[in-house]
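J.: This is what each chain is made of:
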Amino acid sequence: MLNMGPSHPAMHGTTRIMLELDGEKILNAELEMGYLHRGFEKTCENKTYFNLLPYTDRLNYVSPLINNLAYVMTMEKMLGIESPERAQYIRVIMCELSRVCDHLTALAAMCMECGAFTVFLYKMKAREFIWDVMEQTTGARMTTSYIRIGGVRADLHPDWRTTLKKAIDETRKVLKDIHGLMSKNKIFLNRTRDIAVVSPEFAINYSWTGPCLRSTGVNYDVRKAHPYLVYDKLDFEIPLGERGDNYDRYMVRMKEMEQSLRIVEQCMEKLDRDSSPGQLMAKGIEPAEAIKTSRVKKVEERIKLSPNLEGAEKDKYKDILFDGKKYIVPPKEDTYTNIEGLISHFKFFMKGHGIRPPKGEVYFSVEGGSGELGFYIVSDGTDEPYRLHLRAPCFHIVSSLEEIIRGHYIADVIPTFGSMNMIGGELDR
Amino acid sequence: MAMEKEEIIDALKQNFSEKIKNISVQFGDEIIVIDKNSLLDVVKFLKAEPYAFTMLLDLTCVDYKGEELRFEMVYHLFSLTTNIRLRIKTRLLEKDPGIDSLTSVWKNANWLEREVYDMFGIRFDGHPYLRRLFMYDGFEGHPLRKDYPLRKRQPRIRMKK
Amino acid sequence: MKSGFITTTLNSMLGWGRKFSLFQYPFITACCGMEYMSVACAHYDLDRFGMGWTRFSPRQADMLLVVGTITQKEAPILKTVYDQMTEPKWVVAFGACAVSGGIYDNYAVVQGIDNIIPVDVYIPGCPPRPETILNALIKLQEKIQKEGHDWRWKKKK
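Protein chains in written order, with this note's numbering: chain S, 1 to 429; chain V, 1 to 161; chain A, 1 to 157.
By construction, these hints were calculated from the structure, which means they are not laboratory data.
No false leads were mixed into what you were given.
Derived pair list, reagent style EDC-like, types lysine to aspartate or glutamate, alpha-carbon separation capped at 20 Å: (1) Lys359/S to Glu30/V; (2) Lys255/S to Glu237/S; (3) Lys125/S to Asp47/A; (4) Lys152/V to Asp105/A.
If you're wondering where the values come from, they're calculated on a predicted model, not measured in any experiment.
All chains, full assembly: derive it from the sequences and hints.
T.: Given below as structure tokens:
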């Protein structure tokens, strides 16, 4: 018996794998999880729909914006609203960048555990450039809460093109280096080719989705099967594998990263209307002065808001957020200067009021980093969800590990587990 | 799409007319409420050709405290060939929450049912080895039920403060 | 024992040696692990502070970095790992969840690891920025420098 305990040095977080061995061959395996169960579903039953956005960030923490998107699109399906077109393109850019981060981190961990430490360092370098892009627009590197119901929180930063171009170039350079180092490397091929081969029937029976399913040859991607946002207007391919072994899972992820960068470039071309640099906080009157003036007459001048609200000024609202009072935070200029804005601000945030969807239940899914990420929400008409359930993609993939690993050696556990991309926050909720 | 949703629902109505309690559409999703004893038959009928619902996407439970039929099991099925999603629901009694296990049909139902047992306390007849998944052995109670308080902690080792 | 010239010089030399060669054991559980990975890698380098090489065994480490949320199921394992480390050892609580439970106040999360083990430096943030982490590690180095050693023949129990 061998216990590969929690506190894994293999950087996957916390699971315990207990193996029954005969020499070095594995006879039986058992995986124990739940060491990161943080009570997400129970916490969400006590919070309002707007308040629980930050909790969704921390589920799949390598691609946080995709979880945000899944939750927000489920709510939009329930409320029957649609975000404006510019917001949809911005959402697609952010999602695809998150997907690239996810694949970079997953492959970095897998390659590092096989012994290639340089690959890990290169990928982290590329990830830093992508996080720079996200930080410029959203304000945070990782847990952003940027995608809101009705659109996005703020418009893109004026310098977004330069930073994004630099990130794409650096990522492409890193991918080229990694292909040169790993894809034809004899040692890597020995460790991953024909190990843990999965047939399509096995994968479908276990309800695998995402890159792991596509590596067995089944062509299912939520972006093509049930298109959401503007994916039906964009041109991209779905890479498929042949054999379903560890090496195919690695190659499918590498090729998907190139396709994601292609999508981002297409969105960049379509977003040709930029915000000019001069629209930042340079000119405008102070809020206190604006409040005083508003008691006498209507305020016509621009108001200088705090730097935290950069990108969320009133004249940008029609591009980035849906035009409906009940579901969005009203612009700060309105809250300061007229009574309707103040009332809608209070009614949005007060307990008992706010977003109150009709009674019923809904399920919606998007293509996450590891597969189909779905939310099932039951609402009873109040401002807190009655039940919220997450369909975690890696839950189903990891549940099949016990059967796949039988008959292989101990050293095969590491690349197999790495290629499955287990994220603790999503697996254990 | 070779098969439309209406054809599937008509076929279900023909074959299982007395066991289906309600069919409705909410926000664009089809929902079928059936009797709990006929779950395995309906699911095997849908998995076979030509409907080919080969994927069990999700399996969960909702707790309606205060009603006699307290627990509601929700199953999400998906078909790769026809690209159709379907939701099947059944209700269970509060006094005796038990239902057939789907591990003979889909293998990922193993862990999904262990999760529902852990969080809600529902028995699954025919499950190979039903035990807790998220919480540790020695945890008393089922956390996601509505009568379990949110902050009731059961520490495993002695806390200093 | 009165502190004379030799013992204070020996103390400062010992502190200098200890603080610039910390062997760390990152106990990674959740999202803060991503920020830890980016601090340890090329952009914000931990190696220039002497903490480059992570020792993946508690018996060879002297700094325990608790990164991420600790749940009730994980708490005994954290205590076991802490007990397995040899003296001298220091503990850094990294991220809001390790400091005080973070945004999770429910049945499954330990509200701060100082309920279980003694902590030297707390790093707030969700997740903390790399500059915050480097600031905290420099503070830990200053603390190690000031710590003295008990030079008596018969140590007081």
